[in-house]
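Undergrad: If you read the protein sequences in the order shown, they are chains L and H.
Numbering follows our numbering, with no gaps: position 79 of the first sequence is 79.
Plus 1000 on top of the position in the second sequence (first one is 1) and you've got our numbering.
Calculated from the structure, these hints are not laboratory results.
Here a beta-carbon is modelled for each residue, glycine too, at the ideal position from N, C-alpha and C.
Heads up, a few of these hints could be off.
[What the hints assert, rightly or not] So, partial list: chain L residues that the calculated Cβ filter (under 7 Å) puts toward chain H:
(1) E7
(2) P72
(3) V76
(4) L183
[Unchecked claim] Simulated coverage check for chain L against chain H, where a stretch passes if three residues somewhere in it have a Cβ under 8 Å from a Cβ of chain H:
(5) 38-47
(6) 80-88
(7) 141-147
(8) 186-199
(9) 210-219
(10) 310-323
(11) 446-458
[Stated by the list, open to error] Derived EDC-like pairs: lysine to aspartate or glutamate, alpha-carbon spacing no greater than 20 Å straight-line:
(12) H:K1089 to L:E7
(13) H:K1115 to L:D212
(14) H:K1003 to L:E7
(15) H:K1003 to L:E289
(16) H:K1125 to H:E1315
(17) H:K1003 to L:D274
(18) H:K1341 to H:D1387
(19) H:K1074 to L:E44
(20) H:K1003 to L:D264
(21) H:K1003 to L:E173
(22) H:K1003 to L:D140
(23) H:K1089 to L:D212
(24) H:K1003 to L:D212
(25) H:K1125 to H:D1174
(26) H:K1316 to H:E1278
(27) L:K304 to L:E289
(28) H:K1089 to H:D1077
Here are the chains, one letter per residue:
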Amino acid sequence: MVFSSLEFLFLYLPITLLCYYAVPLRWRNAVLLAVSLIFYGWGEPRYLFLMLFTIALDYVCGYLVGRWQGTPRAKVTLVIAVVLNLALLGFFKYYNFFADNLRLIPFFGFLPDLDLRLPVGISFYTFQSLSYVIDVYRGDARAQRDPVAFGAYVSLFPQLIAGPIVRYHDVDEQLREREHSVLMVSSGIRTFCAGFAKKVLLADVAGALWADFAAIPADSRTVLAAWMGIIFYTAQIYLDFSAYSDMAIGLGKIVGFRFLENFDYPYTATSITDFWRRWHISLSTWFREYVYIPLGGNRVGKWKLVRNTLVVWLLTGFWHGASWNFVLWGLYYFALLMLEKLILANVLDKLPMALRRLYTMVFVIIGWLIFTASDSFTSGAEAWRYFGAMFGVGAAGFASGTDLYDLLRHGIFLLIVVIACTPLPRHLFYRGFAQKRWVRIAASVACIAALAAGTVYLVASGFSPFLYYRF
Amino acid sequence: MAKQHPADREADRVLAIQRQLAPRTRRGDIILIALCALFILIFAVGIYCIPHRSFSEVENSSLQTFPRVSSSGKFLDRIWDGRFMAELKDFYTDQFPLRDSLVAARAKAELLLGKGENNDVLPGKDGYLIKRIEYSETQLAQLQENLDAVTAFRAAVDLPVAFALAPRGMDVLDRCFPPLYANDRGEAVWAVIDRYAAEHPLLSLREPLRARADAGEAVWYRTDHHWTTLGAYYAYAELGSLCGFTPAPLDSFTVETASTEFLGTTYSASGFYDTPTETMEFFRWTGDEACTLEVLGGDKVISSFDGFYDRSYLEKKDKYAAFLSSNNGHVRIRDTQNADKPTMLLIKDSFAHSVVPFLAQHFNLEILDLRYYRSTTAAFLAENEVDSVLILCGLDSMATSNLLESLPVGME
Chain L
1 MVFSSLEFLF
11 LYLPITLLCY
21 YAVPLRWRNA
31 VLLAVSLIFY
41 GWGEPRYLFL
51 MLFTIALDYV
61 CGYLVGRWQG
71 TPRAKVTLVI
81 AVVLNLALLG
91 FFKYYNFFAD
101 NLRLIPFFGF
111 LPDLDLRLPV
121 GISFYTFQSL
131 SYVIDVYRGD
141 ARAQRDPVAF
151 GAYVSLFPQL
161 IAGPIVRYHD
171 VDEQLREREH
181 SVLMVSSGIR
191 TFCAGFAKKV
201 LLADVAGALW
211 ADFAAIPADS
221 RTVLAAWMGI
231 IFYTAQIYLD
241 FSAYSDMAIG
251 LGKIVGFRFL
261 ENFDYPYTAT
271 SITDFWRRWH
281 ISLSTWFREY
291 VYIPLGGNRV
301 GKWKLVRNTL
311 VVWLLTGFWH
321 GASWNFVLWG
331 LYYFALLMLE
341 KLILANVLDK
351 LPMALRRLYT
361 MVFVIIGWLI
371 FTASDSFTSG
381 AEAWRYFGAM
391 FGVGAAGFAS
401 GTDLYDLLRH
411 GIFLLIVVIA
421 CTPLPRHLFY
431 RGFAQKRWVR
441 IAASVACIAA
451 LAAGTVYLVA
461 SGFSPFLYYR
471 F
Chain H
1001 MAKQHPADRE
1011 ADRVLAIQRQ
1021 LAPRTRRGDI
1031 ILIALCALFI
1041 LIFAVGIYCI
1051 PHRSFSEVEN
1061 SSLQTFPRVS
1071 SSGKFLDRIW
1081 DGRFMAELKD
1091 FYTDQFPLRD
1101 SLVAARAKAE
1111 LLLGKGENND
1121 VLPGKDGYLI
1131 KRIEYSETQL
1141 AQLQENLDAV
1151 TAFRAAVDLP
1161 VAFALAPRGM
1171 DVLDRCFPPL
1181 YANDRGEAVW
1191 AVIDRYAAEH
1201 PLLSLREPLR
1211 ARADAGEAVW
1221 YRTDHHWTTL
1231 GAYYAYAELG
1241 SLCGFTPAPL
1251 DSFTVETAST
1261 EFLGTTYSAS
1271 GFYDTPTETM
1281 EFFRWTGDEA
1291 CTLEVLGGDK
1301 VISSFDGFYD
1311 RSYLEKKDKY
1321 AAFLSSNNGH
1331 VRIRDTQNAD
1341 KPTMLLIKDS
1351 FAHSVVPFLA
1361 QHFNLEILDL
1371 RYYRSTTAAF
1381 LAENEVDSVL
1391 ILCGLDSMAT
1401 SNLLESLPVG
1411 ME
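Using the sequences provided together with the hints, build the complete structure.
TA: Structure (structure tokens):
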């Protein structure tokens, strides 16, 4: 199930919230666990067992690590937990990829084609669950004695399938005690509605446009069409993913949790380094805390620093999907970040802001083309041709009449999308929110309007997949 | 521990503002919560309180009703493999309260946002709804395969083969395009057709129909992807020299108004539900009632009519299906008064349906739609005597289905 679906909004959500608020406080984690498991099993009931296994495994390991704290046995248990978790993730997410590639070597011809379907959200909840055992080992959190609370943490439906990746020590306290108040619920509703509108009214529409532009035959693709297409994809991936995070954070608040932010207006970044401080923050943080820093972080020599960064970016790329283009995408950012760190840092500082933003966006946009290559094109060569067309190589001229017509008719939409990618709406809203009563009323009206308009678009299109759903 | 991210500081600040204001905003917050809850509950309960439809008239498609729940083991199977959930999802989309109004509202909203179209349907001049169609690389390859199949068939068969192509609405309705629309991308497919036509005999019906449309004649339905009966007549007239007959003059036909309530496929896709209905006509000729139409499945006659029309469809949404009783694998047309007409094998899609009544003046017809026909054309020709072959298909089905691919199968 995804948040932007009618059955979520008009069946699952009301029942879930009614149950949640009908029971006394001490039962609420149990309700959360139960409804989260239903949420997870909705799409693929068989994989429920996988989820239950992960919960059981990390509960036991966490418990033992906590008990044997500081002894070699704790370390052994930690290693077992890490290996088993990664083995599950590796098998279900990467088996096909490795088997397909290894079969190219004659000796590995025996590897069977298992046709595994990726368990929804496995990349997200495995990382969450792992962070728990590691946090306990490091003494950053106490072992959770209550299996229900732990199960609720791993399977928590708001961020289960597409993040943000909640690290255990960030919600440790909240699993015991959290704030259920009018303030939290209403604030959560506002965040959820903003995310819902962003997803259904903007991201899905931009996505459909990208599909149209990507489908233009290479022979008739113009420079303008190539740029418009990839810009719509750029808009889609941010709006889609950040909308999911908004909805998760909003739903979290409605049931009393506060999750950390996952995006900080990445398209206003002034360098690639800055972009990655603002994009999918919970993933970057995870890799920094659990991979980069254990490897020595940046308090090491130049070459080790390069090595550590390379490891993190290979993993980041590969985390996004079992396909070579994601590895390439990771390496692309490794190269850009190293370039900025070692050479460009001083040059960039001297450039005007507008130029820095332009530089960042151009490279981010090209990055997204690599990112979507395996999804949107039939072959790498096709993606490469698309890339060429963006710079006039093999393009059918600069712009066709149809391109101009499309640009014109999507003008208003494009403007709305650009504004939605900046902090401007939020800024205006909260300045007014504090000062003016009518802004607060308008905000409430906007929430209802967002729900209504989103519902209209959902019913009328009947189609709304989440991009990050499959990672 | 890592230091706090600026975005989290900002979120904290925002929540702090809300908290600080909480005493003053509490009443408003409660109202917001109540309104949201009310909104969700109205539809959550509403969907179970309204009558459910199994067919949508305006959208011309069947709808999912509430998925079956039975106490047998089957139900658990359907949960286990996810079928129940998939059907429930469709149920929510298809039976949602006020569905038709919501679809129409979206169409209006798209126009208000200046998008100029909805679901690829352009609201054109004179009330025309024009479907905007652009093909992908794969679809152009599909078109090429269908064209190549005709070439292979022509080489293998010992009969005169005529090949005619029906255009799409957007190919002939230039006159009705919205003012800012430019058709370059939609035009790209004609490069493939022109390349083929330069080397192989192909009658494109685009130019003659466009000339008629430009002159203001109603050759295309305003709300459907097919040509009108008048358009079909002009197509028939063009086919004369190709198929060796002299077309009957237009004024030799009596026009029968079949329906004034027609709303076609483009209308259904558009969401512009306030579009006025249009008229569908049958062009009758003296003696056409002596023709019989048989729908065949293998050797068996599934149904038969006098004339070419299945008038039961005139009461339904899909009125164009009255021509030749919708899509069938094999249809046979015989003139009971005049048995010595030559027999034509017609390989076709639905564009031919409204042309058949004209052709039947000159031919007995064996009509195959290879998408539904269970056997092969080769097997058909081995068992049946025909004098000529006409392939008459719409450009769109050639690019979006394997319509003709099986044509040369088994020849030679």
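Undergrad: Does each hint fit the structure? Answer for all of them.
TA: Results of checking the hints against the structure:
no. : hint               : verdict
1   : E7                 : holds, 5 Å
2   : P72                : violated, 26 Å
3   : V76                : violated, 26 Å
4   : L183               : holds, 5 Å
5   : 38-47              : holds (count 5)
6   : 80-88              : violated (count 0)
7   : 141-147            : violated (count 0)
8   : 186-199            : holds (count 5)
9   : 210-219            : holds (count 6)
10  : 310-323            : violated (count 0)
11  : 446-458            : holds (count 9)
12  : H:K1089 to L:E7    : holds, 6 Å
13  : H:K1115 to L:D212  : holds, 15 Å
14  : H:K1003 to L:E7    : violated, 39 Å
15  : H:K1003 to L:E289  : holds, 12 Å
16  : H:K1125 to H:E1315 : violated, 28 Å
17  : H:K1003 to L:D274  : holds, 16 Å
18  : H:K1341 to H:D1387 : holds, 10 Å
19  : H:K1074 to L:E44   : holds, 17 Å
20  : H:K1003 to L:D264  : holds, 16 Å
21  : H:K1003 to L:E173  : holds, 18 Å
22  : H:K1003 to L:D140  : holds, 14 Å
23  : H:K1089 to L:D212  : violated, 25 Å
24  : H:K1003 to L:D212  : violated, 43 Å
25  : H:K1125 to H:D1174 : holds, 10 Å
26  : H:K1316 to H:E1278 : holds, 14 Å
27  : L:K304 to L:E289   : holds, 17 Å
28  : H:K1089 to H:D1077 : holds, 17 Å
The structure shown violates the earlier hints numbered 2, 3, 6, 7, 10, 14, 16, 23, 24.
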